[in-house]
Amino acid sequence: DGGITQSPKYLFRKEGQNVTLSCEQNLNHDAMYWYRQDPGQGLRLIYYSQIVNDFQKGDIAEGYSVSREKKESFPLTVTSAQKNPTAFYLCASVDRGKAFFGQGTRLTVV
Amino acid sequence: AQSVAQPEDQVNVAEGNPLTVKCTYSVSGNPYLFWYVQYPNRGLQFLLKYITGDNLVKGSYGFEAEFNKSQTSFHLKKPSALVSDSALYFCAVRDREAAGNKLTFGGGTRVLVKP
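Chains as they are written, first to last, in our numbering: chain P, 560 to 669; chain G, 23 to 137.
Hints may be right or wrong, so weigh each one.
Covered by chain G, according to a simulated footprint, are these stretches of chain P (three or more residues, beta-carbon under 8 Å) [unchecked claim]:
(1) 604-616
(2) 649-663
Here are some chain G residues the structure puts well away from chain P; computed CB gaps all over 12 Å [as the list claims (entries may be wrong)]:
(3) 90
(4) 93
(5) 107
(6) 114
(7) 128
(8) 134
Worth flagging that the hints you see were computed from the coordinates, not collected in a lab. C-beta atoms are modelled at their ideal positions from N, C-alpha and C, and glycine is treated no differently.
Bound-form chain P, shown alone:
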């Protein structure tokens, strides 16, 4: 079954901790994206990667980091420097402009 898999679905983090959100795809797409969704603010781009071993900052990259060591994987680390990390995080792979989204990870800071 092809697609984008995000894990975990729900994640709780204590203040001051780093956490890593997983995103895996088996669609053989080069481009992958991370978005953050907050109520009433739509989707905001955190980081994106056009190819393995390369990535660019999006509009709200501060407090986040990514890696793209494999084509299939684009993990997002939410660091302690992110001041308001509680949100719904969406990963997508893109092929010829069309985005395929995962089911999202809801991160809550407790």
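With chain P held as given, fit chain G onto it using these hints.
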């Protein structure tokens, strides 16, 4: 810089009536335009896209959208709305000539279809 505006936070429509969700965009070059739908606590699902050619694009579930270059708009339409169309709708744009393939989304419009 590229941007998308969805001027309505929510659209209410009675079942069976026409549905329109508005979207305007701004890009330096020519746009690729997309509509996506999101159901609660889920990822986004692709509805349709405009790349080039015919300004009227037909997509999934009876939705269509019309590209209007002079008004920089890409409104989503459905002739007869269903209760099951109630969801959050996002318009997105990519600048065809820009490097990096950045995909930018609008703020979303919640559609509520009442029986």
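Hint numbers the structure violates, sorted upward?
Structure breaks hints 6 and 7.
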